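> What follows is each chain in one-letter form.
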Amino acid sequence: MKKLEINAYKCWGCKTCERTCSAAFNEEAPRINVIAKNRNARVPLTCLHCGDPACMQACKFEVISRNSKTGAIEIDLIKCTNCKACLSACPYGNIIWENKRERVVKCNLCGGDPKCAKTCPSGTLMFV
Amino acid sequence: MTIKFIIDGKKVSGNTGDTILDVARNYDIEIPTLCHHKAVENWGGCRLCIVDIGHRIVTSCLYPIKAGLDVKTDSPRILKNRQMILNLLLAQAPAAKEIQELAKKYGVEPMPLVKGKATHKCITCGLCTRLCAAQGAYAISTVSRGPEKSIGTFWEKPPEDCIGCLICASNCPTGAIEFHEKAGTRKIWEKDFTLEKCKTCGATLPLTTEQVKHYSKRSNLKEEYFTTCDDCRRVGTANTFLDLIHDPSGKLMEKWETAQLPPLKMPSPTKEWFEEQKQKGLLKTEKDIYEEAGN
Amino acid sequence: MLVGNQTELTKLQQQLASKEAAISQRIFICCGTGCLAGGSHEIAVEFEKQIKEKELKLDLEVGLCSTGCHGFCQRGPLVIIKPSGTFYTGVKLADVSEIVEKTVKNGEIIERLLYSDPISKQKTKKYQDVQFYARQKRIALRHCGHIDPNDIKSYLAVGGYQSLAKVLSGMKSEQVIDAIDKSGLRGRGGGGFDTARKWRLCRQAEGKRKFVICNGDEGDPGAFMDRSMMEGDPHGVLEGMMIGAYAIGAHEGYIYVRHEYPLALKHLNQAILEAKKYGLLGKNILGSRFDFDIKINRGGGAFVCGESSALMRSIEGEIGEPRAKYIHATDKGLFDEPTVLNNVETWINVPYIITEGSEKYAAMGTAKSKGTKVFSLVGKVKNTGLVEVPMGATLREIIFGIGGGIIGDRSFKAVQTGGPSGGCIPEKLVDSPVDFEKLTEAGSMMGSGGMIVMDDRTCMVDVAKYFTKFLIGESCGKCVPCREGLKQLFALLEEITNGAGTHSHVERIRAICETMQDSSLCALGTSAPNPVLSTLNYFAEEYLEHIEKRRCRAGVCKDLTTFTITEKCIGCTICAKKCPTKAIAGKTKEVHELDQKKCIKCGVCFDACKFNAVKIN
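The listed protein sequences correspond, in order, to chains A, B and C.
Heads up: the first sequence at position 27 corresponds to 574 in the working numbering, and the numbers run straight through without jumps.
Heads up: the second sequence at position 32 corresponds to 60 in the working numbering, and the numbers run straight through without jumps.
Heads up: the third sequence at position 542 corresponds to 555 in the working numbering, and the numbers run straight through without jumps.
Please keep in mind that the hints were generated in silico from the structure rather than gathered at the bench.
Bear in mind the structure is a predicted one, so any value in this text is a computation, not a measurement.
Quick reminder that beta carbons are idealized off the backbone N, C-alpha and C, glycines included.
Wrong hints could be hidden among the right ones.
Pairs of lysine-lysine, DSS-like flavour, derived with a Cα cap of 25 Å [to be verified]:
id, chain 1, residue 1, chain 2, residue 2
1, A, K607, B, K241
2, C, K24, C, K166
3, A, K607, B, K177
4, B, K177, C, K338
5, B, K145, A, K626
6, B, K177, A, K647
Restraint-style ranges between C-beta atoms, simulated for each label pair [as the list claims (entries may be wrong)]:
id, chain 1, residue 1, chain 2, residue 2, range
7, C, A504, B, T44, 38 to 48 Å
8, A, S612, B, K241, 18 to 28 Å
9, B, H83, C, A50, 43 to 53 Å
10, C, G295, B, G45, 52 to 62 Å
11, B, T228, A, G618, 25 to 35 Å
12, B, D98, C, D207, 23 to 33 Å
13, C, L106, B, P186, 56 to 66 Å
14, B, K94, C, I420, 17 to 27 Å
15, C, G313, B, T228, 51 to 61 Å
16, B, Y55, C, S182, 55 to 65 Å
17, C, D207, A, S612, 36 to 46 Å
Over 10 Å on every C-beta distance to chain B, these chain A residues come out as not near it, computed from the model [what the hints assert, rightly or not]:
id, residue
18, W559
19, S569
20, K607
21, E649
Can you build the whole structure from these sequences, using the hints too?
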């Protein structure tokens with residue numbers, strides 16, 4: 548199973564990934580965020596698809612599950628009740644509240660073909 | 029087991045235990061619903077999702093699929109019933125915009141009926157109470173029965189058990205449950221809540237104190253998990269990442285290990301890991317990776 | 014004392030029966046709810062006292078038996094003296110000593126306490142000769158009024174628990190179901206579902222636990238047959254349930270009784286305790302290794318909890334609201350396990366079928382509806398009470414034969430069957446036989462067996478309004494058509510009875526009724542428009558009269574009625590005396606006058622006038 552690798556030392560902070568993600572899902576808030584500490588230290592953060600995800604534990608309604616094909620942790624938006632438990636449970640802050648559509652979103656690896664990895668010019672994001 | 033049948037002349041298939049509504053939604057066939065929510069048990073209260081299976085009318089959100097069914101979602105009989113149900117709902121909740129839109133969509137001719145209060149929006153579907161129970165709060169319930177039935181709290185007092193999670197309000201099909209949020213406080217069901225503040229930056233979080241307690245108890249995660257804002261958490265994660273990368277001595281590796289976070293199952297780049305991979309001859313150079321990626 | 018096996022049970026029965034036969038005079042005092050209200054408990058105590066005092070002098074043994082309901086509560090308290098069969102009605106405390114002195118001691122009959130037949134106007138001496146009983150065929154009510162429900166010995170003496178012993182000692186579960194199948198027994202709760210089929214489905218279903226439930230949540234206004242059976246023959250219910258449980262392989266049973274039936278609850282509790290004491294309930298029943306336990310669940314008195322799925326939710330501790338039955342209770346019922354739920358009357362028929370044989374039971378009734386059915390005959394008939402007749406008996410037989418005709422010999426207008434969600438059957442169909450199919454065809458239903466007789470002083474629009482109002486109060490409110498539809502129906506009917514009705518009202522009523530029938534969630538919702546639709550179909554002209562002529566022919570709808578006194582008045586002053594608002598004035602032997610301003614249109618004058626001088630306009 549392929550994984551999205553984040554080689555943070557390569558990132559130069561161009562935020563192409565953020566823009567790609569926004570464009571791909573037509574969302575105001577991208578599911579990947581580049582956090583900058585200083586000029587030389589930046590890292591793009593997105594869902595890490597943890598082995599034992601805190602969001603899955605926090606959800607009472609069994610809305611969050613692992614996609615067996617891609618290995619991604621996904622949210623069933625039809626079943627979701629917007630209780631925001633997952634949002635606050637994620638220790639990395641990688642689940643995003645979309646204000647406009649009033650729903651929670653997170654990276655789903657674009658269904659097994661992450662667009663951010665394709666457009667990343669620096670080789671920070673790699674789907675291998 | 030896959031079951032094949034027909035909806036509106038279209039060949040569809042679903043699994044054992046699916047309802048007609050499940051399959052119809054999978055195939056983007058429209059069936060209107062109000063009281064349905066996938067997170068809780070199927071209810072069958074609003075009756076809008078009725079479909080015709082030839083010899084009788086059934087509730088699509090409850091009817092388990094069978095091989096050879098010929099379902100019609102918009103036969104004249106269904107349409108007539110749906111229109112009457114919408115008429116009845118229009119009379120019950122004159123202020124509900126969603127009902128008015130549905131009525132318009134299904135070409136309802138308004139019937140002169142006894143109207144409820146002009147500001148009334150609730151259609152007594154009870155979705156809020158079911159979600160509240162599923163959330164584990166049990167703060168609200170249906171009260172009384174028949175046309176008198178309403179949604180309410182225990183003795184109509186501010187509910188002790190309410191955690192202010194807004195699950196009732198945010199899922200109400202007609203937006204009938206009111207709440208107010210102002211300057212770090214939230215008010216719903218006449219109960220006042222204080223919103224939690226981010227313990228790092230002090231920004232207001234969308235969670236009440238009770239909610240944090242409830243979520244933490246329910247999920248066996250520490251309360252601290254819930255009391256940091258998204259931005260601070262991301263910065264924190266990024267810092268850990270970056271410190272890790274920009275510390276050649278490798279001392280911060282320990283910091284990573286000791287951080288109070290669930291362990292990452294992604295291959296975290298510890299020194300030992302690098303060594304191990306090298307020994308196995310599996311470790312690729314950056315160049316190799318770059319080339320493999322097709323650039 | 015523990016009964017170990019079938020032989021021991023038979024021996025015990027013979028002992029008890031011979032003991033009872035040795036008693037020369039037995040006095041049966043009805044202690045059902047109706048007669049208790051008439052003071053039958055005090056009467057029973059008094060009898061005991063008097064007999065104790067006189068027993069030695071009388072030189073004969075007198076047995077006392079406080080029984081369950083005889084089904085003739087109208088004439089209660091009832092006393093029967095056996096073996097002569099002398100039948101006394103309306104017995105008062107003061108009559109006790111006279112009965113003991115004259116009837117028990119000397120065998121004389123007290124004329125004034127005898128039942129006088131409303132048709133022949135003659136006094137009837139014996140219980141067997143009373144037309145109300147003689148025309149009935151009592152199967153389900155076979156023990157009611159003839160045994161002491163609080164004493165298991167009384168039940169054992171008449172052969173109780175013999176059918177259970179027969180089943181446990183030699184029949185396979187499939188054989189039991191076959192026997193029920195051959196008898197053609199159908200559910201007596203209203204739906205008329207084939208009982209054997211239900212049991213078979215449940216037997217074949219897979220589940221960790223299986224349940225049998227007895228539905229004793231009788232909610233129809235005016236119906237009390239289940240109550241009487243639970244009060245008068247609680248062991249019969251238990252025995253039926255045990256046989257059913259054995260047939261489907263269940264080991265747990267529930268009896269759901271509404272809390273308005275305290276006596277039934279008391280008797281059932283007592284019966285369970287006694288049965289356990291005798292080893293007829295609990296572990297290893299009659300040495301057959303069959304375990305069965307029964308719990309009693311008290312209902313809160315909601316009409317909708319008589320609906321099977323709502324009842325099961327109620328037992329589970331949830332809100333009593335029905336669920337769709339696309340998955341049968343025989344697969345997923347109580348606690349999502351296979352469950353058989355039957356009405357009290359269905360269960361009580363089971364021991365009879367096992368002992369007497371399926372053929373005997375199947376010989377009664379019509380082609381599709383076998384056996385007998387208990388009806389609760391109430392309303393404007395002379396004899397009201399519990400009536401058990403074979404399926405296929407005509408309404409005329411029930412109302413005019415057993416019921417003795419209409420009170421005051423007024424004209425018969427309609428009969429409402431099947432409880433609040435049944436329909437009204439007009440006079441022209443009074444000769445049609447009563448069974449599941451025929452009643453449904455007529456736009457009504459069997460229901461649990463309520464039967465309300467109406468005379469010409471009944472306004473059919475008002476009747477529809479009354480039942481709609483009852484259903485509004487009892488609708489659970491889960492689904493829209495029932496909850497909102499009933500509300501709107503009531504408002505429309507109210508407008509018609511107020512004189513504001515138009516033809517479009519009727520159209521709207523029809524449209525709402527159709528939607529309710531088509532798209533309600535449970536059977537209560539789909540049958541809720543029955544009272545409205547059946548009156549609309551059979552008494553359309555009455556609706557039209559309300560709308561077009563603004564007139565209510567029965568004089569019930571106050572806004573459409575005025576009472577006037579005609580020339581026929583002979584000035585007897587009865588109406589003036591009875592008028593609650595003193596609206597009638599006039600001298601003796603002169604034509605009276607009615608002040609319309611004071612009149613509240615209660616109709617008392619109309620009912621009181623013997624000379625038809627009061628007219629309804």
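> Each hint: holds or not?
Tested hints:
1. A/K607 to B/K241: holds, 14 Å
2. C/K24 to C/K166: It holds: about 13 Å lies between the C-alpha atoms, which stays within 25 Å.
3. A/K607 to B/K177: Answer violated: A/K607 to B/K177 is near 28 Å, above 25 Å.
4. B/K177 to C/K338: holds, 23 Å
5. B/K145 to A/K626: violated, 32 Å
6. B/K177 to A/K647: Violated. B/K177 to A/K647 sits at ~34 Å, over the 25 Å cutoff.
7. C/A504 to B/T44: 38 to 48 Å: Since the Cβ atoms of C/A504 and B/T44 sit about 45 Å apart, the hinted range of 38 to 48 Å holds.
8. A/S612 to B/K241: 18 to 28 Å: For A/S612 and B/K241 the Cβ distance comes to about 26 Å; the hint holds.
9. B/H83 to C/A50: 43 to 53 Å: Given a distance of about 49 Å, which is inside 43 to 53 Å, the answer is holds.
10. C/G295 to B/G45: 52 to 62 Å: violated, 38 Å
11. B/T228 to A/G618: 25 to 35 Å: holds, 31 Å
12. B/D98 to C/D207: 23 to 33 Å: holds, 28 Å
13. C/L106 to B/P186: 56 to 66 Å: Given a distance of about 57 Å, which is inside 56 to 66 Å, the answer is holds.
14. B/K94 to C/I420: 17 to 27 Å: violated, 54 Å
15. C/G313 to B/T228: 51 to 61 Å: Because 53 Å falls inside the window, the suggested range holds.
16. B/Y55 to C/S182: 55 to 65 Å: For B/Y55 and C/S182 the Cβ distance comes to about 58 Å; the hint holds.
17. C/D207 to A/S612: 36 to 46 Å: Roughly 44 Å apart at Cβ, these two residues keep to the hinted range, so it holds.
18. W559: holds, 13 Å
19. S569: holds, 16 Å
20. K607: Incorrect as stated: the minimum Cβ-Cβ distance to chain B is 6 Å, not above 10 Å.
21. E649: violated, 7 Å
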